[in-house]
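Fit chain G to the supplied structure of chain H, relying on the hints for placement.
Protein chains in written order, with this note's numbering: chain H, 1 to 624; chain G, 1 to 624.
Incorrect hints may appear among the rest.
With a straight-line Cα cutoff of 27 Å, these simulated DSS-like cross-link-like pairs (lysine-lysine) come out [as the list claims (entries may be wrong)]: (1) G:Lys297 - G:Lys59; (2) G:Lys229 - H:Lys201; (3) G:Lys168 - G:Lys293; (4) H:Lys478 - G:Lys598; (5) G:Lys94 - H:Lys478; (6) G:Lys552 - H:Lys552; (7) H:Lys260 - G:Lys59; (8) H:Lys257 - G:Lys478.
Ranges of calculated distance between the beta carbons of each label pair, as one might list FRET restraints [stated by the list, open to error]: (9) H:Glu263 - G:Glu333: 37 to 43 Å; (10) H:Arg89 - G:Glu190: 50 to 56 Å; (11) G:Val496 - H:Ala553: 36 to 42 Å; (12) H:Pro359 - G:Glu190: 18 to 24 Å; (13) G:Pro111 - H:Glu600: 28 to 34 Å.
I should point out that these hints are in silico values taken from the structure, not numbers from a laboratory.
Every residue gets a Cβ at the ideal spot worked out from N, C-alpha and C, and that includes glycine.
Number of protein chains: 2
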Amino acid sequence: MDRTSLVPALKNIATRLRIDSVRSTSEAGSGHPTSCMSMADVTAALFFAEMRFDPKDPKNPESDRFVLSKGHAAPILYSAWAEAGAFDRAELMKLREIGSDLEGHPTPRLPFVDVATGSLGQGICAAIGTALNARRIKSDYRTYVLLGDGESAEGSVWEAADVAALDKLDNLCGITDVNALGQSRPTMWEHDMGQFERRWKAFGWHAIVIDGHDMAQILDAFAEAKATKGQPTMILARTIKGKGVSFVEGKNGWHGKPFKKGEELDRAIAELEKQFVPAEGDSGADLAARIPKPASKPRGVDTPKPVAAPAYKKGDLVATREAFGTALAKLGEADLRVVALDADVKNSTFSDRFEAIAPDRFFQNFIAEQVMVGAAMGLAARGAIPFPSTFACFLTRAADFVRMAAISNVGIKLTGSHAGVSIGEDGPSQMALEDLAMYRAEPNYTVLYPSDAVCAERLLVEMAYHAGPAYMRTSRPKTPVIYDNEEKFPIGGLKVLRQSAGDAVTVIGAGVTLFEALKAYDRLKAAGTSIRVIDLYSVQPVDKAALIAAGKATGGHLITVEDHYAAGGIGDSVAEAVADAGLTVHRLAVREIPRSGKPEELVERFGISAAHIAEAVEAVMAGK
Amino acid sequence: MDRTSLVPALKNIATRLRIDSVRSTSEAGSGHPTSCMSMADVTAALFFAEMRFDPKDPKNPESDRFVLSKGHAAPILYSAWAEAGAFDRAELMKLREIGSDLEGHPTPRLPFVDVATGSLGQGICAAIGTALNARRIKSDYRTYVLLGDGESAEGSVWEAADVAALDKLDNLCGITDVNALGQSRPTMWEHDMGQFERRWKAFGWHAIVIDGHDMAQILDAFAEAKATKGQPTMILARTIKGKGVSFVEGKNGWHGKPFKKGEELDRAIAELEKQFVPAEGDSGADLAARIPKPASKPRGVDTPKPVAAPAYKKGDLVATREAFGTALAKLGEADLRVVALDADVKNSTFSDRFEAIAPDRFFQNFIAEQVMVGAAMGLAARGAIPFPSTFACFLTRAADFVRMAAISNVGIKLTGSHAGVSIGEDGPSQMALEDLAMYRAEPNYTVLYPSDAVCAERLLVEMAYHAGPAYMRTSRPKTPVIYDNEEKFPIGGLKVLRQSAGDAVTVIGAGVTLFEALKAYDRLKAAGTSIRVIDLYSVQPVDKAALIAAGKATGGHLITVEDHYAAGGIGDSVAEAVADAGLTVHRLAVREIPRSGKPEELVERFGISAAHIAEAVEAVMAGK
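So here's chain H without its partners, still in its complex pose (with noise of 0.2 Å):
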């Protein structure tokens, strides 16, 4: 279709989504129907006359990608895809209902959108995921994605803006809807385009400056996008929020606010129906024949190859965190779909070992959190299997998007290292003790905490083949190799360490505090009594049958003892699997914020050293 043509039909497709966001969200009684307006023209020309997909295959992995980064947009982005016939329009209606997956904010219940949004500034972080995933599969796709103005004051776009541009991602276009009003008043740079132009050039992008509601300029900017090579392009359309209602245009107090049904929603169709245009073939069918469909290439099947057993000798001392480097080397041998993404501490974690083998998969994200975490979501839902790691401590940096990928429920697979206070004399700003809480509060995540080099190993294979988001704590101390190298680890499970029939309490450890338990084990030997031992390996889901079945078997007395505060981690973990079982938990676990020092005088200070457990176990005889 010539741009004569064309010009007049997207014109016109624009009004119908600026209509059918209109409409949905006054149906509703709430949403952000003026966020939607603004954008209206862009849309109209992103989905009929820039992006190849099809509208009924939202999933090949050919297909060019759409991230809505201000996810409050979400009615034009669902009436873009029914207007291409990816559902029936009708279901708009439904909108934010609790029947209808067309939800207040995208999430992936919807087979079109790859990640949930909707907290700002993390869609632009995804986008640069699935872009790399382009790369990693060698495919031509394109990955478009939609920015807020006020989403703009989010650090995490310019993490996102300098990981783009060191990888020089020209299959990656942003577009900036600038309509100046935030919720609550104007943004921090209202229609000032300058400030934007400067500061998406000077991150190293090339800027477009363009009228947001000027569809040749859109048109141009989508092709002189295209065609810039060696960078991403951001596209900075200035845009009037409320676009196409003059009561509402540009006026604040409009954000997030649906049009009262009767005569406020009537004037305001009435308005918008006036603006359709003579133009031909912008009907549903004749649009959605019209988008290039992504090439169908025949892909050949990854197929993974097993990843080689651990191989170590029992007593060798090894870090958890050595063994995942060594166990994502191997694994990322074995299977080409593993990636791992760093954030400037590759040589600490180990996931340089994966950097050896397979530089091309290894994304280094220099020292910026969220966009790691934020690109794995990306890779993730697009068929990578993607180990982003950095300590422990720094990946609550990316604690929303931790919780968005959530939402998504993406297989991201993270591993925090240096857990604790047995990392020692760097102090408490390093020593994560409240990861496990984190991810334990998210009910689709799994958590897991090898103590030893085979079961970090295991573990590490485990996750990348669970499905969903996943967690691994590993340590900074070595430990020794207690297991044989073909023990399994399966999700879930837990392993009895030491047992006898006359134990007077289970001690549940995890990490170093299962080496203070066994210590603990031997030390009380020696005494005369005898302690049930458990490797909690699997922090969620937990075992807990064989946790309940170890406390009867002790006298109903567990102690669980954790290089973590004493809350959401392991204690909890256990309490709550064994609470109807009439069994008393006691807890171990560090109360206070710790400090410097050698590790074995922290985990003694704190509170978690055989010691420790010794004299708790004690108690527990006594007050029996």
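Chain G only, in chain H's frame:
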């Protein structure tokens, strides 16, 4: 002292700071000497020719502030303060020992540290807080913050950059130590100073590029920064990592690595000692005497006035988020130390009521939660009582700041609105369901959860005057006022709302679930069963004795019900409190990723409604 004498004196100080940093880390056996050595010249100039402070009174309200954002360079910070006379230089050799407050990364255990650093990208956010505080108290003190170049990849740095420029903080001077080497590899931009300059200028700062080892350039840059009005200044100092010791200068692989005692250390020290130049008056005593002391202004004490009591009628329908806004405005009128910080949601959280009465103490951060919380940390450290607030789910964005605020033990008073599935149609991305877990994990956070407007108003005042960090969770739906305006809500307490001698079980709720519990009470009562109902408005600490007493009085059974995921919230809090008492805790909580729908539909579907409570009560009774 004239420039000709000053420069060699400062060079000698820089050399001493390098020697101290090298010696103390070698003695400790860990630490980051090369990261100190790159910034030694800047540090010498800052402490001995630029800042106004009293080494013996670092907390003086008029004193210039220095924040070491690259906290791993702690040894040189300690050395500078020792050199200035704050403490005995011999202490430096106890670096990182458990008995010393000279920790691996700086914490406010030291009187000259405002906030803990060591998680990169946070110090500059805190520095905004100390700079804003100068405005609040009408002081001309200046804030200096030193960042690493690798650190500049953190998005929070760019959030800070925006806010500082928007607030025209010309009393803030940043220095970036561009030593070109990160932990595991060269930094993103290595020594390409233009990359830094372009970014900071684009973000509205005055940027000055200098050779960070040229003392005259350093002094000139500080003078230029001081003379720059209407915008903050960033001094971009090109430096060499490991500067001063030939065999490590500019070499990768030396991050976080002390010199080995013996030959390696001796060589390093010998090289450094050769760098002393002839100079006068650079002994410790001379230097300390030369530091300009802050002006000693007489300051009236702004005695806070009593806060007006809540003024509701029982049965009024008021959302706790709205009561928060009302109370914050009242408190702001009564106490001039109170400030509020927003992330462009003031009309949803109702913090705009505070803005209306105290616009000069209301700080807008736009959609940038990390800098909002970070700035609050700096404000709190300097005597303000800061209330940052946004949707509870978006505070998750600042989780790592929440963690560092715990380590700093600063009195930030966070409030998160829109908790749980009861927000309804906006969907899971806008629902905080892991916030209680996040704050409870920190051992020194107070965690509050009001159910009605009276309680919300009272708790806001409680949290303001309770030492340390605190979090209050508010809800979106309107709920009836159930308390007298005169009711008191001490931290660590609870309210028993329904009780009788024959109560079958105790039900514990807070926020919207308290009203579900009350509904369940009515239904069960009608059917002849009485239950005890507790309002757990203080989630951390909890009233252990009262919970145990209630549990014992009601057959040993407690049911918790919360608009939060199952892990880390009210259920865990109660379960740990009663762990030793032989009681059984049954938990009703959200156990899967929720979706959009009407609030009441979601409360029902996700298992926390009155019907679910009644069912749980019946199950307990059947099981007895």
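Here is what the structure says about each hint:
no. : hint                            : in the structure
1   : G:Lys297 - G:Lys59              : holds, 14 Å
2   : G:Lys229 - H:Lys201             : holds, 26 Å
3   : G:Lys168 - G:Lys293             : holds, 26 Å
4   : H:Lys478 - G:Lys598             : violated, 52 Å
5   : G:Lys94 - H:Lys478              : holds, 25 Å
6   : G:Lys552 - H:Lys552             : holds, 23 Å
7   : H:Lys260 - G:Lys59              : violated, 56 Å
8   : H:Lys257 - G:Lys478             : holds, 18 Å
9   : H:Glu263 - G:Glu333: 37 to 43 Å : holds, 41 Å
10  : H:Arg89 - G:Glu190: 50 to 56 Å  : holds, 53 Å
11  : G:Val496 - H:Ala553: 36 to 42 Å : holds, 38 Å
12  : H:Pro359 - G:Glu190: 18 to 24 Å : holds, 19 Å
13  : G:Pro111 - H:Glu600: 28 to 34 Å : holds, 29 Å
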